[in-house]
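Asker: Spelled out, the chains give:
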Amino acid sequence: MSRRVSTLSSSVLGAVRATFAAWTIGATLLLPRIALGQACCAGASAITPGRLALHEQGLLGGQLRAAWMLGSFNRAARFAGSPPGTSEWDFEQDLFGSLRFARRAQLSLLVPVLESRRRTPSTGAEFGAGLGDLNLSARYDFTWAREYRALPGIAALLGVTFPTGRPQESAHLALGSDATGLGAVQLSAGLALERTFGDWLVDVSGLVAKRLNRRSNGVDSELGTQFTGIVAVGYSFPGELAAALVGTYSFEGNASVAGSEVADTAKRQLRLAGAIGATLTDTVRMQGSLFVDPPLAGVGRNSIASSGLTLTLIRSFL
Amino acid sequence: MKRVRALLQFLALLSALGCSSAHSAATFPDQPGLVLSGSDGRKHDVFAEVRSATLSVFVFYSEACPCVRAHEPRLREIQADFAARGVAVLLVDSELSADEQRDRREASLRGYPFPLLTDPGARLANAVHAEYATHAVVVDASGRIRYSGGIDSDKNRLHPDAKPYLREALEALLAGREPRTTDPEPLGCALQTH
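So the sequence lines, in the order shown, correspond to chains A and B.
Residue 98 in the numbering used here sits at position 98 of the first sequence, and the numbers go up by one each step.
Residue 2 in the numbering used here sits at position 2 of the second sequence, and the numbers go up by one each step.
Bear in mind the hints are in silico, worked out from the structure with no lab data behind them.
Incorrect hints may have been included.
[Unchecked claim] Non-contacting residues of chain B with respect to chain A, defined by C-beta distances greater than 12 Å in every case (computed):
1. Leu-34
2. Arg-42
3. Asp-45
4. Pro-73
5. Arg-74
6. Arg-76
7. Leu-109
8. Lys-155
9. His-194
[Said to hold, decoys possible] Distance ranges between label pairs, derived from CB positions:
10. Thr-283(A) x Arg-144(B): 28 to 38 Å
11. Gly-71(A) x His-129(B): 50 to 60 Å
12. Val-113(A) x His-129(B): 43 to 53 Å
13. Thr-164(A) x Gly-143(B): 56 to 66 Å
14. Leu-60(A) x Asp-99(B): 39 to 49 Å
15. Leu-134(A) x Asp-81(B): 47 to 57 Å
Glycine residues also receive a C-beta, built at the ideal position from the N, C-alpha and C atoms.
Start from the sequences, fold in the hints, and give me the full structure.
Answerer: What follows is the structure in C-alpha cells.
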C-alpha cells in the first residue's frame, strides 16, 4: 500500500503543482481588480499570482497554501479515498513579484517553497521540503476590459517554468515527500479574455504548456502537453470586497519514455475554488480562497484530489 | 501558414488598438461645434467657455468608476478654492454609455457644484486623448493645454499626504509659472470611449 501511495503521489506531484500555477490565474488574480472596482483596475493578469492592475508599476507578494489529500484518481478515472492510516499534507509559500516594463506589458517571477508531510501505515510519517520550480511569465494586454465596448479585455500570456525543484527521481525519502519539482522545463502560452457586466466580472483563460524532454537515469522522457482552461466569475461588493468562483480544468496527453508513448499516463484534473478579496489600501490587498478537486468519478485521471486554502498578501507600487 | 499569418495580423491589429491613444495633445481642439449638454440644464459651447475663463479644468468622469467617487471631495475643494480666481471646473462624461438624463440625475444626487457635461461620441475625450476617468486637462484662455494628467497621486482612497498635482499646477499657472509636473498619470478607470 505504501508503495502505491508513494508512486502515485510522486507521479502526480509535478502535475498538481503545475496545475496550481495555472489555477492561481483565476483564483487569486481575478480578485485584486474586482476588489478595487472592476473599471478602476481593468487590465493586467499573469501566469503567477502577481498580476498588476491598471496603473500599478510593480508589486511584491506572498502566498501561503495548505492542502490535504482526499484521495486519488486512477488511470480509469475512478476515485478512491485515502486508505486508512494514509495521509498527505502539502504546504507552499510563494514569493512573487511583477514589474511593468511597457504600458501594456508586465513580467512576473514566482519563487515557490514546498513542504509535504506524508504518512502510510507501513512507512510511518515523513516530511520533505525544498525550493520548487521557478516560474517566469509575461502578459501583454492588447485591450483592457471595458476599454472597448465591442471587445473584451484580451491578453496574451507566456511563461517558462525552470526545473529548480527536486524532481521525483532525486527524492531521498521513501514516499517522495522531498520531491518539489517537475524535473523539466515547461513552456506555456495562453490567451485571457475578460469582460465586466456592471459589478460582475467574467474571465476566461486558456493555456497550453509544453514540457521539454528530460533525461533521467540515462532515459529520455517527456510529459504530455498540458491544456488548461479557467473560467472565473467575480462580483464586487460595496466596501471594496469581492468574491469569485473559479473553475480550472486541465488535461494532458500520455507521457513518452525513450521516444515511445506510454499508454494510460494521461492526466486530467478539475479544481473548483471560492475566493474572497479585500483591498486594504490603494497599494495593499489581501485574498483568501478555499479550493477542492471534486472527488467524483470521471473528473480526474491519474491525479490526486486535494482540498485546501490559500492566503495572499500583495503590496503594489503605483 | 495562412492561419499563422492571419493570427499574426490579428494580433498586430489588437496591438495597434491598444497603442492608438497613448499620446497627449498640446492644443485644445478648436471645435466651434462642440456644444455639450450640462447637468445644469445649459448647452455648453466648450471652446467659448475656455476663452471666457482664466483657466478651465476638464475632468473626465465615469459613472462606474470608484476613483471618480473617491476624488469628488478633492474636486469640490478645488472648485471652492479657485472659482473666484477665474478657474472653471467641468466634469465630462465621454463614455459610450453617456446619457444626458442619467448625468443630470447623478449630478443632482451627488450635489456637484460644477456642471457634468455629456459628451456623446467622446469627441472631447478623443480630442485631448483622455483615456482614464479622473484625467484632468487644464486649458488656458488661449486654448493651450497647460496640464494633462491626474488630479493627485491617490487612486481610489484619499490620503492627506497625496501629491496634489492638479492643485499645484493651477497655483503655478495662476502665478504665471509653468507647473512643475505637467503630465502625471491619472490613476482612474479606463474610459470606454470606443
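Asker: What are the numbers of the hints the structure violates, in ascending order?
Answerer: 8 and 9
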